[in-house]
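Protein chains: 2
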Amino acid sequence: MSTTKDRLYLYDTTLRDGQQTQGVQFSTPEKHMIAEALDHLGVDYIEGGWPGANPTDSEFFAEPPKTRATFTAFGMTKRAGRSAENDEVLAGVLNAGTKAVCLVGKTHDFHVTTALGITLDQNIDNIAKSFAHVVKEGREALFDAEHFFDGYKANPDYALACLTAAYDNGARWIVLCDTNGGTLPGEVYQITLKVIESGIPGTHLGIHTHDDTGNAVANSLAAVNAGARQVQGTLNGLGERCGNANLTTLIPTFLLKEPYRSTLDTGVSEAALGDLVKVSRMLDDILNRVPLRSSPYVGASAFAHKAGLHASAILKDPTTYEHIPPEIVGNARIVPMSNQAGQSNLRSRLADMGLDVSTKADLGRILDRIKEREAEGYSYDTAQASFELEARRELGLMPAFFEVERYRATVERRKDAKGRVIHLSEVTVVVNIAGERHLSVSEGIMADGSDGGPVNALSKALVKDLGPYSDLISDMELVDFKVRITNGGTEARTRVIIDHEDTLGRRWSTVGVSSNIIDASFEALLDAVLWKLTRDGAQALGAE
Amino acid sequence: MSTTKDRLYLYDTTLRDGQQTQGVQFSTPEKHMIAEALDHLGVDYIEGGWPGANPTDSEFFAEPPKTRATFTAFGMTKRAGRSAENDEVLAGVLNAGTKAVCLVGKTHDFHVTTALGITLDQNIDNIAKSFAHVVKEGREALFDAEHFFDGYKANPDYALACLTAAYDNGARWIVLCDTNGGTLPGEVYQITLKVIESGIPGTHLGIHTHDDTGNAVANSLAAVNAGARQVQGTLNGLGERCGNANLTTLIPTFLLKEPYRSTLDTGVSEAALGDLVKVSRMLDDILNRVPLRSSPYVGASAFAHKAGLHASAILKDPTTYEHIPPEIVGNARIVPMSNQAGQSNLRSRLADMGLDVSTKADLGRILDRIKEREAEGYSYDTAQASFELEARRELGLMPAFFEVERYRATVERRKDAKGRVIHLSEVTVVVNIAGERHLSVSEGIMADGSDGGPVNALSKALVKDLGPYSDLISDMELVDFKVRITNGGTEARTRVIIDHEDTLGRRWSTVGVSSNIIDASFEALLDAVLWKLTRDGAQALGAE
Numbered sequence: 001m002s003t004t005k006d007r008l009y010l011y012d013t014t015l016r017d018g019q020q021t022q023g024v025q026f027s028t029p030e031k032h033m034i035a036e037a038l039d040h041l042g043v044d045y046i047e048g049g050w051p052g053a054n055p056t057d058s059e060f061f062a063e064p065p066k067t068r069a070t071f072t073a074f075g076m077t078k079r080a081g082r083s084a085e086n087d088e089v090l091a092g093v094l095n096a097g098t099k100a101v102c103l104v105g106k107t108h109d110f111h112v113t114t115a116l117g118i119t120l121d122q123n124i125d126n127i128a129k130s131f132a133h134v135v136k137e138g139r140e141a142l143f144d145a146e147h148f149f150d151g152y153k154a155n156p157d158y159a160l161a162c163l164t165a166a167y168d169n170g171a172r173w174i175v176l177c178d179t180n181g182g183t184l185p186g187e188v189y190q191i192t193l194k195v196i197e198s199g200i201p202g203t204h205l206g207i208h209t210h211d212d213t214g215n216a217v218a219n220s221l222a223a224v225n226a227g228a229r230q231v232q233g234t235l236n237g238l239g240e241r242c243g244n245a246n247l248t249t250l251i252p253t254f255l256l257k258e259p260y261r262s263t264l265d266t267g268v269s270e271a272a273l274g275d276l277v278k279v280s281r282m283l284d285d286i287l288n289r290v291p292l293r294s295s296p297y298v299g300a301s302a303f304a305h306k307a308g309l310h311a312s313a314i315l316k317d318p319t320t321y322e323h324i325p326p327e328i329v330g331n332a333r334i335v336p337m338s339n340q341a342g343q344s345n346l347r348s349r350l351a352d353m354g355l356d357v358s359t360k361a362d363l364g365r366i367l368d369r370i371k372e373r374e375a376e377g378y379s380y381d382t383a384q385a386s387f388e389l390e391a392r393r394e395l396g397l398m399p400a401f402f403e404v405e406r407y408r409a410t411v412e413r414r415k416d417a418k419g420r421v422i423h424l425s426e427v428t429v430v431v432n433i434a435g436e437r438h439l440s441v442s443e444g445i446m447a448d449g450s451d452g453g454p455v456n457a458l459s460k461a462l463v464k465d466l467g468p469y470s471d472l473i474s475d476m477e478l479v480d481f482k483v484r485i486t487n488g489g490t491e492a493r494t495r496v497i498i499d500h501e502d503t504l505g506r507r508w509s510t511v512g513v514s515s516n517i518i519d520a521s522f523e524a525l526l527d528a529v530l531w532k533l534t535r536d537g538a539q540a541l542g543a544e
Numbered sequence: 001m002s003t004t005k006d007r008l009y010l011y012d013t014t015l016r017d018g019q020q021t022q023g024v025q026f027s028t029p030e031k032h033m034i035a036e037a038l039d040h041l042g043v044d045y046i047e048g049g050w051p052g053a054n055p056t057d058s059e060f061f062a063e064p065p066k067t068r069a070t071f072t073a074f075g076m077t078k079r080a081g082r083s084a085e086n087d088e089v090l091a092g093v094l095n096a097g098t099k100a101v102c103l104v105g106k107t108h109d110f111h112v113t114t115a116l117g118i119t120l121d122q123n124i125d126n127i128a129k130s131f132a133h134v135v136k137e138g139r140e141a142l143f144d145a146e147h148f149f150d151g152y153k154a155n156p157d158y159a160l161a162c163l164t165a166a167y168d169n170g171a172r173w174i175v176l177c178d179t180n181g182g183t184l185p186g187e188v189y190q191i192t193l194k195v196i197e198s199g200i201p202g203t204h205l206g207i208h209t210h211d212d213t214g215n216a217v218a219n220s221l222a223a224v225n226a227g228a229r230q231v232q233g234t235l236n237g238l239g240e241r242c243g244n245a246n247l248t249t250l251i252p253t254f255l256l257k258e259p260y261r262s263t264l265d266t267g268v269s270e271a272a273l274g275d276l277v278k279v280s281r282m283l284d285d286i287l288n289r290v291p292l293r294s295s296p297y298v299g300a301s302a303f304a305h306k307a308g309l310h311a312s313a314i315l316k317d318p319t320t321y322e323h324i325p326p327e328i329v330g331n332a333r334i335v336p337m338s339n340q341a342g343q344s345n346l347r348s349r350l351a352d353m354g355l356d357v358s359t360k361a362d363l364g365r366i367l368d369r370i371k372e373r374e375a376e377g378y379s380y381d382t383a384q385a386s387f388e389l390e391a392r393r394e395l396g397l398m399p400a401f402f403e404v405e406r407y408r409a410t411v412e413r414r415k416d417a418k419g420r421v422i423h424l425s426e427v428t429v430v431v432n433i434a435g436e437r438h439l440s441v442s443e444g445i446m447a448d449g450s451d452g453g454p455v456n457a458l459s460k461a462l463v464k465d466l467g468p469y470s471d472l473i474s475d476m477e478l479v480d481f482k483v484r485i486t487n488g489g490t491e492a493r494t495r496v497i498i499d500h501e502d503t504l505g506r507r508w509s510t511v512g513v514s515s516n517i518i519d520a521s522f523e524a525l526l527d528a529v530l531w532k533l534t535r536d537g538a539q540a541l542g543a544e
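Here the protein sequences line up with chains V and S, keeping their order.
Read in full-length UniProt numbering, the first sequence has 269 at position 269, and its numbers run on one by one without any break.
Read in full-length UniProt numbering, the second sequence has 358 at position 358, and its numbers run on one by one without any break.
Incorrect hints may have been included.
Identical copies go unnamed one by one, so any copy, or any two together, can satisfy a pair.
Calculated lysine to any residue pairs in the SDA-like style (CA-CA distance at most 20 Å, straight line) [to be verified]:
#1 Lys153 <-> Arg261
#2 Lys194 <-> Gly182
#3 Lys129 <-> Ala91
#4 Lys415 <-> Leu439
#5 Lys415 <-> Leu526
None of these hints come from the bench; they were simulated from the model.
Okay, chain V solo, but in the shape it has when bound (with noise of 0.2 Å):
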């Protein structure tokens, strides 16, 4: 244990590396939420893009984050055949004032001479010129070296000739990249340590890595093994290709791991290492994708345990099966239903809920029903509410509320007098409660006035009108619908998931699975109705 810990810097490229995931492109009001979520986590550089390079990154550069990180300006070294001071280009980078300045520059002789189309030479000066310009004008200038691990493979003299061009020209940080992302660990901490020895201290180098062999992680352990002093990475493991290295993974590592965790101090403090699942989450969010169950330390499966074997362990003791404590990282440990799961799983989950299951026969049965229902296509992973609803049916425990006996829903699309075309979604829901028909109509109009199509009619008519039960279940609101194809092609069963909350701050999931998805979407929202129902002790009334 040394009592003086080395600083490690982590450097944030979410915005920039980051967007260059397919499909992925930031608004300027999420790359504000983006920069503070960053800035809370503490990382020491953010940086926010390209200014010049196209519209939005401009935009987000004219009226910065207010950060304390470093706000970073990402460009490239200036073109041969003129000064930095006449490269327009570089100008855009300055012009957008940061206090750090991040360039890419060749150090590859190949692209030098393929992809540039310059002499060796002259990309050397490109380096100089444009590092000696960015500190003159006062900024913290850093060297994005591309392609630096392979270049160095095929011609270590240029290779280093190319960091030192930049490092004697006042560049605090020389970032080694795997720009292709094909070097791996022994590698990275071999060049790693030929750079030291070459003259450039390690608490000047960073790594920048790629997980085109599965081993952006490990390059960047690898590489702060050898000394290297700040890391570059992304939220999410987000970035060109298969990936940058994933800063939500080298975070915990840093902070729980030996060596790292009492050798090396981060900006990183303990209580927002307890929010990381939420900073996650939140860039999910605003990409509207499903979150990653597998991720490393903040997924929903990294501390779910699903053979019997090891739930069982974990109920005596959770460090039998767990490499950390999941609350650390802000993540929670799961105990899912599963043909493998056994009965010790099944017993805690049903305590979870306030089902206490004494006999081995209940919950065999409850065991045989899901897998049952598992088999039709159905998931309880997640619809947590329908597990529990199957549950108490299984054992009479299901209250008879009301029936539904029929509904019809149905969508139009026509062109109306003006020729414009409009939508029109209507849903009619005949409910049986204690003998007496309520029958409820709804149009899928949506706050904007838009149609919100037949699921949005669908769930305004099943609560229009439940009699009694009206009151207690006035305060749902459907906030999320996930559907997913269970079977490709023509055989196609729907899954349905919805979640829904209400007034007392509770959020719930239901399940509904048919090879129609309107029905799916209907028992999903049905489910909904019930659980909170069952769970505010409402009076059961029946149907005739």
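With chain V fixed as given, assemble chain S onto it according to the hints.
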């Protein structure tokens, strides 16, 4: 370059540890498909599951796949207080009659006393007796040393003694398991060296890792670097919690990357490597999962070049931004549309579809149109056919084949005379072709007689009578249907992506976006028809 290469053995546990993935449960036919694919790939061992642990595993072992690879049964070392001969769990595993048997056993003193609640000596005796028995039965024996790395850090002598008990009693392979996934590559490397120093040769050592710190692949490489010669993993990195080491990543790394390429031999041929993407996709199809675009080597984005600078360099020479040629693993290069893609991307993509767009103005207009649509929730990364139609519309090259005047979809759920719940979906479509109105109506009834829902009915009704076009589209088949909600909550917009195939073997994707899922589906279905008519040079008859 060594002339004689070491043999590296690949051990697949997709069917056992892979099935521990949350939400994954393979049917017996699916297990046979997967085993066949693994055998085609050329892995050395296929672990089929735990015979006797659950009905589906037992069913699979009752009719095992005929594979060149060594089919292996998984189980655990005998319990204390009974002989190996009289342990019915162990008997269940041996009774499967497989050539190889892999038994998991404890090596971490804490687990022996806490989880098992027996003495350290009893555990060693259980290991020794179990392997003596398995070997006496004439099976190839493997020892999964559970929690070995944690065990070694806590009590190295005891952990090593457990390995020796298995090895001295004839275990062919001692597999070092990082069961909780918390060990980092540096530790794996050092500890594996220690094990070899202790007297177990690397040619008898295997590695089994989990991805809880994002290092499952790197930890596997670290053990191989230290001398281990068997690697355990799963297809697509399936597995408990964050998953196991991803063989789909490791296999190309061993075959294509130094030092492995020139020093190690695996059972995987270059021809089989070319089917890697196919095998990976097949597994996702079985799981009805959306393939992870960012997967190393096999992901759809693994060779997607979004940045404008990258894309233009790629056009000059692919090696500038690709660490391997995509086709080696059966993957393909993508130059996706996006705000950052720039015109070099766009032109090459239009050229791919036979649209030669010469003027910068045209390119600019198309780019603006695509940006506009993407802002509305459309996504053209996969829906190339809809992208092509948008470009044609913008260029005035889109023929007017017909107009859909209106459609109406009805979905009903009610009880029939016998009180059984029945569903009915019906769609009417009115199409105007050259002034002639074609009315079509279809029900959503599927091959099995059940109700396929409104999208199914809509798809049938739309193509039912397109007059003179009917022959041209008669071989269209809807093969996939994906739905995504692009905004959570009530203001949700629905994005539908539909894949079609025809008898020419063409597969094309179209996209529709609307707040109404039926209408979004309609839009995608319509584009699918229009794309085929366009590609097949149908004559435009227009509407009136």
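Hints and how they fare:
1. Lys153 <-> Arg261: For lysine 153 and arginine 261, the Cα distance is within 20 Å only across copies (17 Å; inside one copy 32 Å).
2. Lys194 <-> Gly182: within (19 Å within a copy, 29 Å between copies)
3. Lys129 <-> Ala91: within (13 Å within a copy, 75 Å between copies)
4. Lys415 <-> Leu439: between (29 Å within a copy, 16 Å between copies)
5. Lys415 <-> Leu526: between (34 Å within a copy, 17 Å between copies)
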